[in-house]
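Novice: One-letter residues, chain by chain:
Protein chains: 4
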Amino acid sequence: MASFRPAPVAGGVDSARAVLHTPAVSHAAYTAVRGQTMALAAPLSPEDCQVQSMPDASPTKWHLAHTTWFFETFVLVPHAAGYREYEPRFRFLFNSYYNAVGAQYPRSARGLLSRPRLEEVLAYRAHVDAAMQRLIEAGSLAPALLAVVELGLHHEQQHQELIVTDIKHALASNPLRPAYRAGPGGATHSVPEPGAQPVPDHAARAAMPLAWNEFDETVTSVGHAGGGFAFDNETPRHRVLVPAHRLGTRLVTNGEYLEFIRAGGYAQPELWLSEGWDVVRAQQWCAPLYWEERDGAWWNATLAGERQVVLEEPVCHVSYYEADAFARWAGARLPTEFEWEQAAEAQAATAHPAGAQTAMTRPAAAQPPAGNFLEDGVLHPVPAPGSGTGRGQWFGDVWEWTSSAYAPYPGYQPAAGALGEYNGKFMVNQLVLRGGSCATPRSHIRASYRNFFPAATRWQFSGIRLARS
Amino acid sequence: MASFRPAPVAGGVDSARAVLHTPAVSHAAYTAVRGQTMALAAPLSPEDCQVQSMPDASPTKWHLAHTTWFFETFVLVPHAAGYREYEPRFRFLFNSYYNAVGAQYPRSARGLLSRPRLEEVLAYRAHVDAAMQRLIEAGSLAPALLAVVELGLHHEQQHQELIVTDIKHALASNPLRPAYRAGPGGATHSVPEPGAQPVPDHAARAAMPLAWNEFDETVTSVGHAGGGFAFDNETPRHRVLVPAHRLGTRLVTNGEYLEFIRAGGYAQPELWLSEGWDVVRAQQWCAPLYWEERDGAWWNATLAGERQVVLEEPVCHVSYYEADAFARWAGARLPTEFEWEQAAEAQAATAHPAGAQTAMTRPAAAQPPAGNFLEDGVLHPVPAPGSGTGRGQWFGDVWEWTSSAYAPYPGYQPAAGALGEYNGKFMVNQLVLRGGSCATPRSHIRASYRNFFPAATRWQFSGIRLARS
Amino acid sequence: MASFRPAPVAGGVDSARAVLHTPAVSHAAYTAVRGQTMALAAPLSPEDCQVQSMPDASPTKWHLAHTTWFFETFVLVPHAAGYREYEPRFRFLFNSYYNAVGAQYPRSARGLLSRPRLEEVLAYRAHVDAAMQRLIEAGSLAPALLAVVELGLHHEQQHQELIVTDIKHALASNPLRPAYRAGPGGATHSVPEPGAQPVPDHAARAAMPLAWNEFDETVTSVGHAGGGFAFDNETPRHRVLVPAHRLGTRLVTNGEYLEFIRAGGYAQPELWLSEGWDVVRAQQWCAPLYWEERDGAWWNATLAGERQVVLEEPVCHVSYYEADAFARWAGARLPTEFEWEQAAEAQAATAHPAGAQTAMTRPAAAQPPAGNFLEDGVLHPVPAPGSGTGRGQWFGDVWEWTSSAYAPYPGYQPAAGALGEYNGKFMVNQLVLRGGSCATPRSHIRASYRNFFPAATRWQFSGIRLARS
Amino acid sequence: MASFRPAPVAGGVDSARAVLHTPAVSHAAYTAVRGQTMALAAPLSPEDCQVQSMPDASPTKWHLAHTTWFFETFVLVPHAAGYREYEPRFRFLFNSYYNAVGAQYPRSARGLLSRPRLEEVLAYRAHVDAAMQRLIEAGSLAPALLAVVELGLHHEQQHQELIVTDIKHALASNPLRPAYRAGPGGATHSVPEPGAQPVPDHAARAAMPLAWNEFDETVTSVGHAGGGFAFDNETPRHRVLVPAHRLGTRLVTNGEYLEFIRAGGYAQPELWLSEGWDVVRAQQWCAPLYWEERDGAWWNATLAGERQVVLEEPVCHVSYYEADAFARWAGARLPTEFEWEQAAEAQAATAHPAGAQTAMTRPAAAQPPAGNFLEDGVLHPVPAPGSGTGRGQWFGDVWEWTSSAYAPYPGYQPAAGALGEYNGKFMVNQLVLRGGSCATPRSHIRASYRNFFPAATRWQFSGIRLARS
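Residue numbers (my numbering), protein chains in the order written: chain A, 1 to 469; chain B, 1 to 469; chain C, 1 to 469; chain D, 1 to 469.
FYI, nobody ran anything at the bench for these hints, they're computed from the structure. Note that the structure is a prediction, hence the values are computed from the model and not measured. Glycine included, every Cβ here is placed at the ideal spot set by N, Cα and C. If a hint is listed, it holds; no wrong ones were tucked in.
Label-pair restraints from in silico Cβ distances: (1) C/Ala282 x A/Gly35: 44 to 50 Å; (2) D/Ser108 x A/Ala126: 34 to 40 Å; (3) B/His21 x C/Ala126: 56 to 62 Å; (4) A/Asp376 x D/Pro88: 33 to 39 Å; (5) C/Gly102 x D/Gly377: 47 to 53 Å; (6) D/Ser108 x A/Gly226: 47 to 53 Å; (7) D/Gly82 x C/Ala282: 41 to 47 Å; (8) C/Pro385 x B/Gln283: 54 to 60 Å; (9) D/Thr22 x A/Cys286: 55 to 61 Å; (10) D/Ser108 x A/Gln36: 31 to 37 Å.
Sample of chain C residues with no beta-carbon within 12 Å of chain B, all distances over it, derived: (11) Ala28; (12) Ala80; (13) Ala131; (14) Gly139; (15) Gly255; (16) Asp278; (17) Arg281; (18) Phe338; (19) Pro408; (20) Ala416.
Residues from chain C shown here face chain D by an in silico Cβ test under 8 Å; the list is partial: (21) Tyr97; (22) Ser274; (23) Gly411.
Only chain A is shown next, with the shape it has when bound in the complex (with noise of 0.2 Å):
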């Protein structure tokens, strides 16, 4: 029976994904994308940094270190000749899942850690950072060491949007509701005075009435087209036969939902798929995350602090099943992430005519989509424009949640090796997101991109698009 079981594929390259094309990751790139992550933990404290508030998220100094360890452990020491590892028991401590490298320290005990301190961890990214400079101002760098360098940068940017999601979660766990961003010095505290949040500048802004985009029956590709980076879930590029259906031309707003959430909508198990009716319960959801209502105002703990929720903002940390019932309360459903993908496609194709080459690895082609992302520091959705050039709020603001479970493409192939534990094996029990949110680094989106949470989740920025068959 011994040949029951092909022989392994000879030759397989221990890269994380086909190469798809020819990677350039130069200095400035690589200094760019650390150099955010540093700007991002600026405003925090030491403390803030040691905080993990709840098992799915992560200290923000932890997120400073395994970022740094990815790039000591899958270039610097099997590549870098005369590297010497900066604290052998680092690959225990901040190898997150890759069991391929070794045993890793428990998840829900990173907030434990208050060895090294901070400063350690950044001087930990200062001799990594050192190196890895050496290495790519050498130049010599083979193509698919550079594509685990591109990858290393493209990974550490999904840290990036961690490393607020992870934090807003963090300070919304403490009655104070502090801020991201401490105030000015004089405070006695780090803490916001109650109340005292101003109304932002958006929330005047009306929303765009909600109207229906058509699409007919087609067959069309989806995944990545190559010419730039894409992870190993997004590809290989296959042909789908996409039904007629209709997509709302903008998100899903706080009043919207609010009306749901007034209608009962909590209250009616008819409107729930029959796990997340459990979960309802089982929580006493009655409202999305950072939501409170006390004497009949609602409040939302945002990183600027509490503030009264913004009827024409985007709805937001909602979870899959309260995105569902909204859907079906309002007589639609969620998109599939084909329907998503085909109309943000021809959406940014219209939008960018012609483009210049980001500072990362973007090509001629592919220029970063329109929309509120992380670098415009707003680290909040914001209402969709109101004139109805249709813009759509495909991109940043909240992720949308499809009724896509996450599956592998037809013929997908992990990469070999430890870096195939990179999406993969976290393919069920997950729905796929799309289109990148507030918290997003606008180089780091594209319209084939896959995100992936359980149903459950609610920390990350998501959000709700209608569609209708």
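Place chains B, C and D on chain A using the hints.
Specialist: Using the frame of chain A, we list chains B, C and D on its own:
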């Protein structure tokens, strides 16, 4: 903002599904299905019928009552003039999950209901059966109501399968390893002597060598084509693009699975989905459910008592995680549900160029598929015929895990009212299984049939067919 | 360092306790106790006998088997020449917690053992009874072995009480609120009509006013004085200093407890032990177990079915936390076990200046105490006699929580061997209860008897007597 | 029935305890105790002070804030004219368990409060200290209020010990095995090199042979005799009968405990309380907390980093279950708290025939006991002096488990008001420990002092003294 939510569609019918065909439920069909349930319970003592060995399983007595409750609640109470509810408190006790009917007695506590006694539940069955037969014989049921009766019979067949799988789980929890049917009467108690089970005849049968059927990319239609009963989740029939692929010509055997075990399959994280690996470690899985290794031999708790694992039989009682890991180890993958359906439909069409109406409601074109089903009484999967006739084990023996998440078909509409809760509200975090098992009634299965269970499920008769891209 | 641990004491006897008296177990005594167990099971169906409603409770069938296993394991197998073990696998199935005997089937899964069936367990009982009676009739048992037989009978009496409390819990889990003894045969099923229970006769009886008996500081002896059977945890008798105190002349009533409820007792943390307050909130306790408020009236699930709470009855099914909180609210405290024993011993001596030998093993000086016991068949506490005769409800009705942690007496020695596990290993985190209940066999109780349960326990017939310093 | 509950006693004072002595809290005493807390936190980084490694432990920062909150809440806010609350929201954040003060931030989430930052908590301390010192210097505090201030200082000393035990637990959760005090500055990060810890000087010291002191039965008085501060749980002093017994002349050593381990102590259920055996198996205990076996040697995580187990040191970080099992294995038992107190009081009287007033509140008769305490800075137990001088290690080194359940003394009265929650509400399911540890402030301990923890507790410095009846 009151206009945001569309007005409900007028004229929604309170039926289980769109009426795709003209149901014709005969007195004989009703009697046959209800009688088959009774026959399944016949070998069991009142104690056996009382036991609930885990929250996902139910006592036989509860199945007997709940299937009766279904007819009483959805047919007799609303539609049978002068019918008097047998016991109003049963409405609560025997409601499974229909929120629209009212609150439910907690699922995990069904085994605590020693009252009503088994004989009292049987009296309840008789009472409802008499009323149902009067109604059917009267012959003037509206099609919508006939459709509910028909649904009730298919519902009952689903519970027939559950009676078998649930009592198997209960009996296997007993270290005496009792058989479903107790041995001859001379024994002092209803448990077999250890090690005394005969080896089944088919054990000598060699397994057909595994070969591959090839399929080119095609756009095809899937879902129920009408002309007979189907659940709402099989509709609407719609077009999909199925990519080029290959499918294994038979099920994976115990022998092949044992090779995976011996190669250390349960100890290699790289073979597993991340969630699956967590379950393997938490539950210390090292073989299919009901297998046990003693003194170097593998034993198997079956409904006929414990016996040695037969290498040629299809492997059974594996979770999705195990099926997926095995496939990865074998250099293959699991089929999608549409790959499966396309192949099974073709096979069924070949096997039955013409056929006669079955006892229940199957149209001429839909002859029951060949296979090892409940009515065969084996209650255990059997080896594939060795001759290469290519029947392929598509139906019966074991449910086949597919890689398809259980999701609504484009344009899916659950029924209005309580029966709309039948299928739709479970469409998240479950995988589709296809083909039926040795515990499925023969007249219950068809190529478009979609079963669904969470990925960790093992107590169903679930097995593996391989695919390759 | 080998000398650190002392050599084991030579000559340890393998008996349950030091032989304090000459046990004399008659054929009649054996038959009476074993028969009483059978009589308790008689009203129950095989389904009733199968149910286990929580891990702390056991199915009636398991009690029937385990008490039999006790005689087989500790008497017949080691001491009855030629005795053949009924079924070797029962050694594992029906071992409760004797590690020295071997591994145990998991306690919380006892309700899953549908095999052996009830009738098979009864056959097991008959087999063991026949062998036991042959052994007893032979009349040549050594005193140490006779002591084990005697222990087995007292053990069986403990399980008689558990049969009552466990089936009460199981039946009360059933929303049909069935009675332990099913009603007359005309009913279509074994559940009473709602609200149809008669009010008991004693409900008219007024409760004696609560008064206080005073006691001065004294050095006295507590523990079993010899001259009859006792468990090892009642020995050795030893001297203690009992401080001055007062004790309530009767048990606390439902009416008094209802006053505590209405005063908001369950909502005032200052009345509760910290652990108790946590349990109150986590379990949402707001009344004794089995009480339910509907439409302004309090109902009580009893072994006779559901009926209204009778104010004059002793309050029952309260935890230690509730007893303690009630006492604090009442400006009192709970008695210590030695305060209780001193008073009860004095009362018993008064009540029975002389007495005859009981059927079993009670010496002349130890007439069974007066009270409402199992043999009275009420299976529910009754009001104190109103006349002020001062019987004081020391025995029967409800077990009385004391403030004494269950701990070994000075010089306590558990028996050698497996029977040493009977009591000693439970001496932490339990509270002592005294006096027996309406489910305790009359010949089983005495002033020195120490029952023990964790503080959150409510399914025993446990109530409250007040004390003051 | 309104007369059932007695009227509350008039004139209840809102103080922590009956005023047994005339408290005299000096400015110097306040400064000394508060300064000692600051000194303990000094070696810790903001990250260290943030970490909470389990629900039973608290972050150092929280201890710093809570002890300050105590003075603000119970002294300044109610009694200091013109005092303005530092931050009203701290009332909720830093309340530990005083329901009478109001709701509490969840204990297990204390580690999530990154705001206020460490430096802000230190500013809070300074603010409160200034106000307290003004109040104390004014010199006109009523005795009842002085008693609260004195209680606050003893309360702070208890938290000093917790700072030590909690940070030990947090640092030991870190696989880097860091030391409480970081090494010299040249290191690149605050973790020691593996295996680099020096062996302490005292390791050479041989343990005094274990001998036994004999005590006859006696009626004696226990509890606090007045003439100095005591917690309410040490009162009232009262008479008890202590039976004849023997007590070990020193603590059990690591060497003796290792003998127990090597004899299979953790694998023999007959040595364990039933609950303890369950914990041993569930937690897979096989040695004291902080011990680890590697390559045949036993290592110990200490506050000075990891080092080899020193055989002569007292065993430490064992639970009550382990202490009890060890004693049973050694043919002994644990002492009762009164056996312990009688011996310790005698020893203390011998050691200090006369003495001077301490800085704080200790009367002439109550010289601080000799022993290894917090102020010695060792923060680890040391071997008993070998000379047989008989000091006996009664105080310091490790808390000694007694077999006494924590219960109120006869006539115990908790204080009225919130401070009545200090001790009394924990009097169930805990065991008394006596004598103080190497983390206890020297001026904090006395012979009548009762510490208490649940039986499974291991993170305190808890050890074993043997007794025999």
